[in-house]
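**Q** One letter stands for each residue in the lines below.
Number of protein chains: 2
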Amino acid sequence: MIQSNTKTRVVGVNITVETTSFAIIDIRGNIVAESSFATSDYPFVNDYIGVLSEQILTLVEQNGGYESIRSIGLSVPSGNYLTACIENASNLPWKGVIPLAAMLRDRLGLAVALGNNAHAMALGEQAFGAAHGMHDFVLITLSSGMGSCLCCDGNIHFGADGFGGEIGHICAKEGGRPCGCGKHGCLETYTAGKGIVKTAQEIMASSQQPSMMRQVENLTPKVISLFCDQGDELAIETYRHTGYMLGLGLANYASMVNPEAFIFSGGISKAGKWLLDPAREAFDAHVFHNIEGKVKFLSAALDDHDRGMLGASVLAWSVKEYSLFK
Amino acid sequence: MIQSNTKTRVVGVNITVETTSFAIIDIRGNIVAESSFATSDYPFVNDYIGVLSEQILTLVEQNGGYESIRSIGLSVPSGNYLTACIENASNLPWKGVIPLAAMLRDRLGLAVALGNNAHAMALGEQAFGAAHGMHDFVLITLSSGMGSCLCCDGNIHFGADGFGGEIGHICAKEGGRPCGCGKHGCLETYTAGKGIVKTAQEIMASSQQPSMMRQVENLTPKVISLFCDQGDELAIETYRHTGYMLGLGLANYASMVNPEAFIFSGGISKAGKWLLDPAREAFDAHVFHNIEGKVKFLSAALDDHDRGMLGASVLAWSVKEYSLFK
Chain A
1 MIQSNTKTRV VGVNITVETT SFAIIDIRGN IVAESSFATS DYPFVNDYIG
51 VLSEQILTLV EQNGGYESIR SIGLSVPSGN YLTACIENAS NLPWKGVIPL
101 AAMLRDRLGL AVALGNNAHA MALGEQAFGA AHGMHDFVLI TLSSGMGSCL
151 CCDGNIHFGA DGFGGEIGHI CAKEGGRPCG CGKHGCLETY TAGKGIVKTA
201 QEIMASSQQP SMMRQVENLT PKVISLFCDQ GDELAIETYR HTGYMLGLGL
251 ANYASMVNPE AFIFSGGISK AGKWLLDPAR EAFDAHVFHN IEGKVKFLSA
301 ALDDHDRGML GASVLAWSVK EYSLFK
Chain B
1 MIQSNTKTRV VGVNITVETT SFAIIDIRGN IVAESSFATS DYPFVNDYIG
51 VLSEQILTLV EQNGGYESIR SIGLSVPSGN YLTACIENAS NLPWKGVIPL
101 AAMLRDRLGL AVALGNNAHA MALGEQAFGA AHGMHDFVLI TLSSGMGSCL
151 CCDGNIHFGA DGFGGEIGHI CAKEGGRPCG CGKHGCLETY TAGKGIVKTA
201 QEIMASSQQP SMMRQVENLT PKVISLFCDQ GDELAIETYR HTGYMLGLGL
251 ANYASMVNPE AFIFSGGISK AGKWLLDPAR EAFDAHVFHN IEGKVKFLSA
301 ALDDHDRGML GASVLAWSVK EYSLFK
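In order, the protein sequence lines correspond to chains A and B.
If you read the first sequence in the working numbering, its first letter stands for residue 1, the second for the next number, and so on.
If you read the second sequence in the working numbering, its first letter stands for residue 1, the second for the next number, and so on.
Only chain A is shown next, with the shape it has when bound in the complex (with noise of 0.2 Å):
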């Protein structure tokens, strides 16, 4: 007899500092159900898992039942997909490695495959947004810090340690500005929340031109990209000095890794051609010749709200199905 497959969803969890997403996602990526709670509510990584489990039954109980899901993924900041765990999360309260799927798994009987943020996104824009189709591209996360996610001739490169994408931490200026990773000068303090807001602050100081940045007491990159829509010269030299090292970062890594495409995520990219056209103009001047023109750099093509959790519902159909008793 011939039966049908019972299980055609899946649980995609977003975790990011603030907020736990989650949803119930069908073959097609599409959001059948879904809800959410606050992360930074739980300091104690057990009583987060806790009511994590207790929230994914609950939804699933009213949604289709236990028997339709097959399985579940978790994307989660500092989360290293060959070990299946949080590693050192710089910006969490868990410190040290936790194997959070591992913790679900046990909890609710099923499989759980755990990846981080970016390579979460770079998978749901490869199985349903901008990057559909491609081989070999590279997904840019440019908010609080900066991260990516490469995809090599169709799979995500992980590296030896699961560790692979760190664009945020090379380094782009000998002896620079110093890093919450412990080092000096990585991109993500010019490229990435405050390292913008402290570009600004610097040139601010060296000049006496006035700004509208010169009136806010907390300047944000978002308020600096709304002055540059405004005409605001010191905020548009900001962006362009992002822009510019941004642009410096991102042709070594095309050199090294030859991709068609960045696709550019994050609250950060929103600044859009404040931020993207001296990117590109650095990066042409910067990149091996034989690749120059032909690397694209595209927006992210999926809804910001759903990124996280379809990319994590496409990592829970990597997993093997799990079942004690098969």
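Hints are computed from structural coordinates only; laboratory data are not their basis.
Among the hints, a few may not be true.
One copy or any two copies: either way a pair holds, since identical chains are not told apart in the list.
Quick list of in silico lysine-lysine cross-link-like pairs, DSS-like style, CA-CA up to 25 Å [to be verified]:
1. K95 to K198
2. K270 to K222
3. K183 to K294
4. K296 to K183
5. K320 to K273
6. K294 to K95
7. K173 to K183
8. K270 to K198
9. K173 to K198
10. K270 to K296
Add chain B to chain A, keeping to what the hints say.
**A** Then chain B, alone, in the frame of chain A:
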């Protein structure tokens, strides 16, 4: 009836600017017979391909015959595996895009694969040398220029256009030394051939200190490394600076792709500790903290004379057997 596969050998051809070496090689990497001639004697590629075909046929007829040969592999400067062409080689007399594999296939009626020298060396070291059993590694070539080949999860990474691995042309210094590629500050202008001599000249010009290097009219990296062995301080300083630039470039490479090891080949790498100790130091100071201490620096294991031909033989096995009549 069960037949034996009689095609148990391939021809591996290693083409450098000076010399073309080729050998009949069996499945286990044994060189059955070999020969060579001067590449530089043939400024026209049609003449060259004529001589190469004839000499391969002669060697094959004297050693087991045409029927024993399955296919041919070519290791060439600026070779592109995806197009099987030499593309815009800066140091060969044959300009533009040359379909060398197709030209040889049409003359000999055998399948021909083509890759660049770093690619073939990586395959050779993976099949028979230092990278055997490794899934993620980078082969580095340091001679008149600097090149690399990245192996991702067991497979060579070509990138979207076949130009992956161009570490020699990452920007190591903004607005730095002019490079043959037309850009400025490329890593190989500091870490290979003439770049090392240039560093020595700069160090001599900025110092009053005596040095054996001052007595030599035509300095070479090899001579400088011999002076290091004799304790010449400015020679040691030359390699210290070279190693620093190398280590910094490799740190950024490793942060992006997290290899298990870098495998060094080429004449410059024979400077040994004078180059690699300062390279290791700069590497550890700049690489992403989670892989600090994890990435090995290894010497290539194959004999220099054999490496290119053995690598080309692995290329030869990678191509489908060719027949007009099958």
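**Q** State whether the alpha carbon distance between K270 and K222 is at most 25 Å within one copy, between copies, both, or neither.
**A** Answer is within; shortest intra-copy Cα gap is 8 Å, inter-copy 51 Å.
**Q** For K320 and K273, with the copy left unspecified, which applies at a CA distance of at most 25 Å: within, between, both, or neither?
**A** For K320 and K273, neither the intra-copy (43 Å) nor the inter-copy (47 Å) Cα distance is at most 25 Å.
**Q** Go through the copies and call it for K173 and K183: within, between, both or neither, with a Cα cutoff of 25 Å.
**A** both (11 Å within a copy, 19 Å between copies)
**Q** Cα distance capped at 25 Å. Does K183 pair with K294 within a copy, between copies, both, or neither?
**A** For K183 and K294, only the inter-copy Cα distance (17 Å) is at most 25 Å; the intra-copy one is 33 Å.
**Q** Using 25 Å as the alpha carbon limit, work out where K296 and K183 are close: within a copy, between copies, both or neither.
**A** between (31 Å within a copy, 21 Å between copies)
**Q** For K270 vs K296, is the C-alpha pair at or below 25 Å within one copy, between two copies, both, or neither?
**A** Within one copy only: 17 Å inside a chain, 39 Å across chains, cut-off 25 Å.
**Q** With 25 Å as the alpha-carbon cut-off, assign the pair K173 and K198 to within, between, both or neither.
**A** Both: 15 Å inside a copy, 23 Å across copies.
**Q** Please sort K95 with K198 into within, between, both or neither, judging by C-alpha distance up to 25 Å.
**A** Classified as neither: same-chain Cα gap 28 Å, cross-chain 48 Å, threshold 25 Å.
**Q** At most 25 Å between alpha carbons: which applies to K294 and K95, within, between, both or neither?
**A** between (42 Å within a copy, 21 Å between copies)
**Q** Give the relationship of K270 and K198 under a CA distance limit of 25 Å: within one copy only, between copies only, both, or neither.
**A** within (19 Å within a copy, 44 Å between copies)
The structure shown violates the earlier hints numbered 1, 5.
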